[in-house]
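These protein sequence lines map, in sequence, to chains A and B.
Numbering-wise, the working numbering puts 196 at position 196 of the first sequence, and it's gapless, one number per residue.
Numbering-wise, the working numbering puts 1206 at position 206 of the second sequence, and it's gapless, one number per residue.
For the record, the hints were derived by calculation from the structure and aren't laboratory data.
Keep in mind the model is a prediction, meaning the values are calculated, not measured.
Some hints here could point you the wrong way.
Pairwise CB distance ranges (calculated) [to be verified]: (1) 73/A with 1069/B: 21 to 31 Å; (2) 1053/B with 28/A: 30 to 40 Å; (3) 1158/B with 23/A: 35 to 45 Å; (4) 78/A with 1062/B: 32 to 42 Å; (5) 59/A with 1158/B: 44 to 54 Å; (6) 1116/B with 189/A: 24 to 34 Å; (7) 1114/B with 145/A: 32 to 42 Å; (8) 1048/B with 140/A: 35 to 45 Å; (9) 148/A with 1074/B: 25 to 35 Å; (10) 162/A with 1157/B: 24 to 34 Å; (11) 1074/B with 21/A: 34 to 44 Å.
Here's a subset of chain B near chain A, in silico, CB distances under 8 Å, partners left out [claimed, not checked]: (12) 1100; (13) 1122; (14) 1178.
Virtual Cβ for every residue (Gly too), placed ideally from N, Cα, C.
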Amino acid sequence: MSPYGTVLAVVLVAMAIAFVALVRERDDLHRLLLTDLAEIVALAIIALVATDLAEALILPGLVVGISELMALSEVYLVKEGLRSVPERLMHIEVMDSAPAILAVALVIYGIVLSGFSGGAVAGCGLLFWFFCKGHDEAFEIIETASGYAWALWIVAFFVFMIAPAYWLFAVMLAGGGILLKVMAKMALVGTMRGGRDV
Amino acid sequence: MFDLPIEGAQLMAVEFGDIVAYFSVYTGTLFAFALLFTVLAIVSLPERPMDIVFGGDAYYTKEIPLDLLRFQRFMAIACGLATLGAVVSGDIFNFTLFGSMIGITNIGIVAAVKNRHVLEAAYQYGIVAMVATVPLFGGAAIVLASTGTLSIWALAGAAAVPLLAKIFLVLGVMGEGMAPFYIGKAEITRAPGAPYVLMIHVSSLLLFLRVVEIVLTV
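Next up, chain A with everything else stripped away, as it sits in the complex (with noise of 0.2 Å):
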C-alpha cells in the first residue's frame, strides 16, 4: 500500500471517530465544537495530497469552515440566549500594574520586526492592553489605523507599478501598512462581547 493510502485509512478512522463523538455527543454547545474536530478532518485528507495545489484548496476549505463555525455560534446565542455581557473573566494584580510597560515592550519590538509577523506581535501587545484596561473606546482609533494601513498599502502597490525605481520606498510603505493591518486584527481578536460598541 502506498504511504498515501496508509495515512488515508488512519484519517479515515479518525473521521469515523469524530463522527461516532459526534452522533453520541449531547449537548449542543460541545456537538459544535466536535463538529470543528470533523472539520479538520477534511483539511487533514486535503493536506494528504501534498502538492502546492492541495496546498492552496486548504485556505479556501478553512475559510468556509471557519464562517459556518461563526454563523452556528450566532445562532446557538441567538436560539440559547446568551445576550447579557460577561463579568470579568479574571483579575489578577498583574494585570493592573504591568499592561502598559508590557503592551509598550511588544509594540516596540513589533515596529522593530515590522511586516506580519511584526504586525502579530504589537497586535499582541495591543491584545494584552484591551485585555487589562477595557476597550470601551479604542475601536475608533483601531478602524481608522486600519483605514490608513489600508491605503498605505494600495499606494504601494502603485508605486510598484507606476514607478517600480522607487520599491524601497514601497517596500516600507507596504511593511508598514500591514503591520497596522495585522496589529489591527489582532487587536480585535477576543473583544467583541456583544457590548454597547459592536
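Given chain A, work out where chain B should sit, using these hints.
Frame of chain A; chain B shown alone:
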C-alpha cells in the same frame, strides 16, 4: 459534448485558465432555472401569512419586519448566485466551495426568523452542513490525489476517479442540500419568510442534479 449521453450539445465554454465553466444543454438548463429563481427573489415581495382563529371569525395577517425582509432577501440572492456558480463550474473544488456556500446561505435564510423552534432546526441543519464539508472536500481531495487534476473537462469520460471519491461527493452534497428537510421540521414555510424559502428548495435540488451529472461524467 464529452461524447457522453448526459450532457447534450455544448452551448458555450468560459475559460479561466484551466478552469473551464461550461454550458451544455444540461447545465444550461440548470443555470436558467437558478437565474429565474434568483430574479424572482430579487423582485418579489414576501407574502403575509394569514392566521385564522379557530372557532371564531377573527383573522389577522402577520407583519414582516423590514430588517428581516432585507436580510432574507440578501441571503436568498446570495444563495441564488452560489447556485449559479455551482451548476456551471467546471472545477470540482470550485463546485464543492459553491456547495458549502449554498449550505451557509441556507442556514442564513432559515436562521433569520427569530423563533426558538426555527433557530433550533437551523442549528441542527448547520451541524449537518458543517459535518458534510468533510466528505465534500475529502472527495475533491481524493480526486486530486488520484488523477492529478480537478478539471471536469480533463476528467470527463476517462473513468479515472475512484468510486470512494464519487461516494464522498454525493454524501457531501446530501449534507449541504439537506435544508428542505429541516425546513419541514421548522415549519418555516408558515413563519413569515416565503418566497425566500423557495430558494432553499431550488438550490438544493439543482445542487443534487449537478452532482449527479458530475459523478456520471468523471
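The hints, checked one at a time:
For the hinted restraint 21 to 31 Å between residue 73/A and residue 1069/B, the CB-CB distance of approximately 25 Å keeps it satisfied. Between residue 1053/B and residue 28/A the Cβ separation comes to about 35 Å, which falls inside the hinted range of 30 to 40 Å. For the hinted restraint 35 to 45 Å between residue 1158/B and residue 23/A, the CB-CB distance of approximately 37 Å keeps it satisfied. Restraint check, residue 78/A to residue 1062/B: a C-beta distance of roughly 20 Å breaks the suggested window 32 to 42 Å.
Range check, residue 59/A to residue 1158/B: about 28 Å between beta-carbon atoms, so the 44 to 54 Å window is missed. As the Cβ distance of residue 1116/B to residue 189/A is approximately 30 Å, the hint placing it in 24 to 34 Å holds. For residue 1114/B paired with residue 145/A, a C-beta distance near 35 Å keeps the hint of 32 to 42 Å intact. The hinted range of 35 to 45 Å is satisfied by residue 1048/B and residue 140/A, whose Cβ atoms lie roughly 41 Å apart.
About 30 Å separates the C-beta atoms of residue 148/A and residue 1074/B, a value consistent with the hinted range of 25 to 35 Å. Judged by the Cβ atoms, the range 24 to 34 Å given for residue 162/A and residue 1157/B is violated: they are separated by roughly 48 Å. For residue 1074/B and residue 21/A, the Cβ-Cβ distance of about 35 Å falls inside the hinted range of 34 to 44 Å, so the restraint holds. A distance limit of 8 Å between C-beta atoms decides the matter here; for residue 1100/B the minimum to chain A is near 5 Å, and the interface restraint holds.
A least Cβ separation of about 5 Å between residue 1122/B and chain A falls short of the 8 Å threshold, and the interface hint therefore holds. Taken as an interface hint, residue 1178/B does not check out: its beta carbon lies about 14 Å from the nearest beta carbon of chain A, beyond 8 Å.
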